[in-house]
Every structure is written in C-alpha cells, then in structure tokens.
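Visitor: The residues making up each chain are set out below.
Protein chains: 2
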Amino acid sequence: MPKIVDPAQRREAIADALFAIVLKQGFAKVSLRAIAEEAGLAIGSIRHYFTTAEGIVRFALETLVARVSARLETRLASLLPQLDAGSLSGGAAKELTVDLLAELLPLDEVRRQESVVWLAFEETARTDPALADVFETSVRGSRKLMARTLESMSHRGALRVDLDLDLEVDALAALIDGLTLRSTLHPEVLTPERAREVLSAHLEQLRK
Amino acid sequence: MPKIVDPAQRREAIADALFAIVLKQGFAKVSLRAIAEEAGLAIGSIRHYFTTAEGIVRFALETLVARVSARLETRLASLLPQLDAGSLSGGAAKELTVDLLAELLPLDEVRRQESVVWLAFEETARTDPALADVFETSVRGSRKLMARTLESMSHRGALRVDLDLDLEVDALAALIDGLTLRSTLHPEVLTPERAREVLSAHLEQLRK
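First to last, the protein sequences are chains A and B. Terminal number for the first sequence in the working numbering: 369, no gaps in between. Terminal number for the second sequence in the working numbering: 369, no gaps in between.
Hints are computed from structural coordinates only; laboratory data are not their basis. Be a bit skeptical, because a hint or two may be false.
If several chains are the same, the list does not tell them apart, and a pair holds so long as it fits within one copy or across any two.
Unchecked claim - Listed below are the simulated SDA-like cross-link pairs for lysine to any residue, each with C-alpha atoms no more than 20 Å apart in a straight line: (1) Lys305 / His316; (2) Lys305 / Pro348; (3) Lys185 / Ala293; (4) Lys190 / Thr288; (5) Lys369 / Asp325; (6) Lys185 / Ala291; (7) Lys305 / Val350; (8) Lys190 / Glu215; (9) Lys164 / Ala203.
Model the full assembly from the supplied sequences, consistent with the hints where possible.
Guide: Encoded structure:
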C-alpha cells in the first residue's frame, strides 16, 4: 500500500531541509542534491514538488516570512485588544509592547535560527532580483507592525506628543534590525537579553 | 626590463578584485580563478602573494576594516578637539557629531559598496570561524567609537544626565547597524538620507 504524502507537509519539510543547510554550511552549499540528502528524499521525489533549486529557495523564503508573520499576527491579535481597552497599567502595557516587538529578536533557539537564515537570505537576495519582491513586502510589513505599535501607544495616550511618528517608525524598525543583526551574529558583544533591554529602554523614552 | 611591482599595492589590488566580485556576484563566486580574471593577473602571480583563496578573503576583510577605521580616526582626530574645546554652538557640535557617525552610513558610492561587502563578509564569517576574530575586534571597535562620541557629549555638558551610558552605547551601535542594513539593502524603503535624519533625531533626543 503506497504511503499517503501530504504535499503541503512535504514542501515544508523540503524548506526545512534548506534552512538546515543554510544554518550549518551557508547558502553557497544549497543544491537539489544537498537538499535531497538533508531531507532524506530522492532527488526525483523533490522534483515532483519543485523543478529547480531556485524554486525551493523562493518557497523557503516565503515559508519563513509566513511563519514569522503568523506568529506576530497571533500575538498582535491577543495583545492589541488588551492594550486598546486601556485597562492595563502603563507599566504592564509597556511590557506587553516590548514582548510583541521582541518576537523579532533571537531570544530562543527558534528565533535565533530564523534570524540567521533571514540574514543569509538577505545576502543571497542582493544578487538575485527574483527574490526582491518577497523582501520588499516583508520589510514594508515589519515597518507596518512598528507603525501599528506606536499608533496603539498614541491611541491610549502613552506616547510623547512631540514626536515625528513617521521618523520614529523608521528608527524603531532600524533599531530592531540592528539589535537582531548584532545579537544573532555577535552574541559575545550583545546578548539577546541585552538587546531586549535596549528595546525596552527605547520604548520607555517614547512614553509620556 | 622587469616591471617594478609594489607588493603592498599588488595585495590591495587583489583585495579590490575580491570586493568587485562580491559586489557583482556575491561571495559564493569568489575563487582564485575569478580573482585572477577580475584583477587581470595570472593565477601564478596571485599565488606569489597568497597561497589560498581563504588567505585573500582574510586579507580583504582586514583591508576593509583598516580603510573604514582610518577614515573614522581621521575624522575623529579633526572633530574631537573642536568638540572638546567647547567653542562651537550646541547645534554646530551636534551636526559635527552626526557627520562623524554618518561615516558608517551608505551615503555615497564608496560607503555603499563598503556596506554591501561588509554585510556579505558578515554572512560568510558566520560559517567560517577563521574570520571571527577580525569581526569581534571590529564590532568592539565600533562600540568604542560610540562610547567616545557619547563621552565627548557628556564632557561638554551636552548629554542628558538621566541616561544609562552603557545602554545608550549599545542602542546607538544597533541603530547605526540597522540603518546601514536597511538603507544599503532596501533603499526603496529607507533612503540613506532618511537614515541620516533618523540618526540625527536620535542624537537630538540624547541631548540636554
């Protein structure tokens, strides 16, 4: 009796194999053969789902973006109503906001691996225009998350009124990118916990 | 009559050939053969200076760090005495400080190319422990520059007194990393000029 294979699961497993190769050896080692070996599949079986290594790379990037976005959306859906209801103390509201944005920092092994793979994709996409649209969508999406977070603070009267909001969105997005880059690649200079402290202090300075 | 070759110049030209390959095609395409072709040299001639591609990669990274550091040191040597003399207006002193730190942003083609190559090195070094020490030295060096800048502000009484200086150094270093990352790889989302504005606004918030 043939095994029943869920095509969506199989495609995700192939993306996970690509992530594992990037983590261990870097993007330069990604090939159909290496992915097949890592996933424990025959190359022919992978070709059933993807015709080229480029197709896998694109699907893997979309998978990474979808996973991080889904986690952020879930957090946002649970936190924003609490924040907007205005029933929390200022300190508790701030902690929730830090928790939400800290989803982007490499604070556990899952997020660390996502950050590492993300940075590798950034470097690969630079010379591969075929991936540029996924990146632009994602970078604009993270900018939107920063905007929603600051708007929620503003809505409950927790934000200083002398701020240029649009500039603060760019600053917050860049700060989180930089904290992620440093604490992922140079944890001996900036630990992930320290990155969270810096983020928290930054939000504190934006508060009334 | 044999041509007289300056060995230091020849080594720098080989590093420049590596930078050009990384810029155009990414790190994965760097090889002795590709470097020889880009530099217009015979492989044998390159082997006279470097025995392996890894040796060239390390020398190139050290060259990049040395070039950026030399530029920053020159700026610092000319600006710090002016700042510390206390004869400048607050606004003029702030502009000089922004100019100094903006040396790290991709505001012209030289700095843009350096940023691109730097990010590619970061990604390569992640799976190449042989380069880790150059990176750690450099990341600590940039942290030291941030500390010197904030200390100079503090020394002339231009810094808010309620700040945790050590935390502000981490914040400033991460902000500049993030601004550089975004405006180098995603200038359509954050232009380099906008990155400079964000940096300037951040320093403004630290001022008394």
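Visitor: Please list, smallest to largest, the hint numbers that this structure does not respect.
Guide: none
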